[in-house]
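Work out the full structure: start from the sequences and follow the hints.
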Amino acid sequence: MDGHRLASVFTGLRLGLHAVVAVIVLIVLLRSVPPADARAAVGVGAILAWVLAYAAGVADGVRRTRRRAAAGVATPSVPLPDDAPPAMRASRPAAVWLGIGTLSVLWLVAAWCLPEAAYLVFPLFFLQLHLLGARWGTALVLVSAVCAVITLGVQQGFSVPGAVGPMLGAAVALLVGLGFRAFTRQAVAREALVEELVAARDELARSERRAGQESERARLARDIHDTVSQSLSSIQMLLHAAERALQGERSAELLRLARESAASVQAETRSIVRALTPAPLEEEGLAAALRRLAETEWSGGPEVLLSVEGDEALDMSRRTALLRLAQGAVGNALRHAGATRIELGLRVDAQAATLTVSDNGVGFEPELAPGASHGAGHFGLASMRERAAQFGGRLSVDSTPGHGTRVEVVLPHGPSKEA
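Numbering (my numbering), first residue to last: 5 to 423.
The hints are simulated quantities; they were obtained by calculation from the structure and are not laboratory data. Keep in mind that the hints are not guaranteed to be accurate.
As the list claims (entries may be wrong) - Derived Cβ-Cβ restraints for the label pairs, each shown as a range:
no., residue 1, residue 2, range
1, Ala262, Ala354, 35 to 43 Å
2, Leu297, Ala203, 24 to 32 Å
3, Arg213, Leu297, 18 to 26 Å
4, Leu146, Arg35, 23 to 31 Å
Even glycine gets a Cβ: it sits at the ideal position worked out from N, Cα and C.
What follows is the structure, given as structure tokens:
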């Protein structure tokens, strides 16, 4: 049952309680008015005072609920657990005790003067349980039931029906009240759990969207680099060769303009590639990006260990390349090797940056799998070698069936082979 349906049920119970109070008061007044003597007059006055106190409590509750709603403060629509803080149970606990005490005393006076007024104890039972909680409410219900038995016995004589009636009413009130409290407590806990699950689902959706955006940015950067940028590099090389081969001032001028245009477009392309570089890599560096890769909770549950040595004196293009190569190698180990332990290492020295990815998986024969399909989503081994070669580096694979796989990438410092 959701929160709205539960609130509707509880509202219906409150309205039912108000109806029971109205019927009992009407019956008692019809039997007692006009009062036969002074004692009956006191009883009628106590009943009227009881009705006024009850109405004042209802009006105060409605007024505070509206005030909280206007202020944007949530108001509990169901009973709270007994261990809830007093501030949650009632904003004015002293006023609650004063109200229950006033109703109890006025009822006791009315019942002492008029036997019919003793029946007002039944709605009083539910008020005591609802406003005071299980512990104090139960105690006061039992005390009120004993007082009802005594007042009826003093006025009408003690009898089994006179004793059983109030006690049976108290037992029914306790069963209904405590049962409903247990039910609503479970419903509230379930509603809170549903809200947590919805929040977790929304966060997962946001994470997936961010991951998709980063993946698309990386794909665009790679495609632009591998197509447009490489084509422009080839064009510049051809223009250099043509400029040296052709003679004539006009030809040289045209070739120079074409070469400058190609260089300008290539510079703009590199700017686009840099703009599409994953933001965490640019802001936090390669070590942090590799650490995030290692800490990812993979579905198969393998342990990914990371070690980083040396200062990270790498340009952004090399950082991006090493991150993509690490993702590809780790993806291979996860998807194809069935590994339970993956060791990811990065060492940067004065000559080069070395990336190693080792796993304890099933291994394979590198000669029998020449990189075409042994890939992790985006890259096979051939594509990974090509990416390393763009920076004058090399990629080596050491693997035998049954003994795991070790992938090593070495990228020397310096310009990449793209201009």
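Here is what the structure says about each hint:
1. About 39 Å separates the C-beta atoms of Ala262 and Ala354, a value consistent with the hinted range of 35 to 43 Å.
2. Evaluation of the 24 to 32 Å hint for Leu297 and Ala203 yields a pass: the beta carbon distance comes to about 26 Å.
3. About 19 Å separates the C-beta atoms of Arg213 and Leu297, a value consistent with the hinted range of 18 to 26 Å.
4. With their beta carbons about 28 Å apart, Leu146 and Arg35 fall inside the hinted range of 23 to 31 Å.
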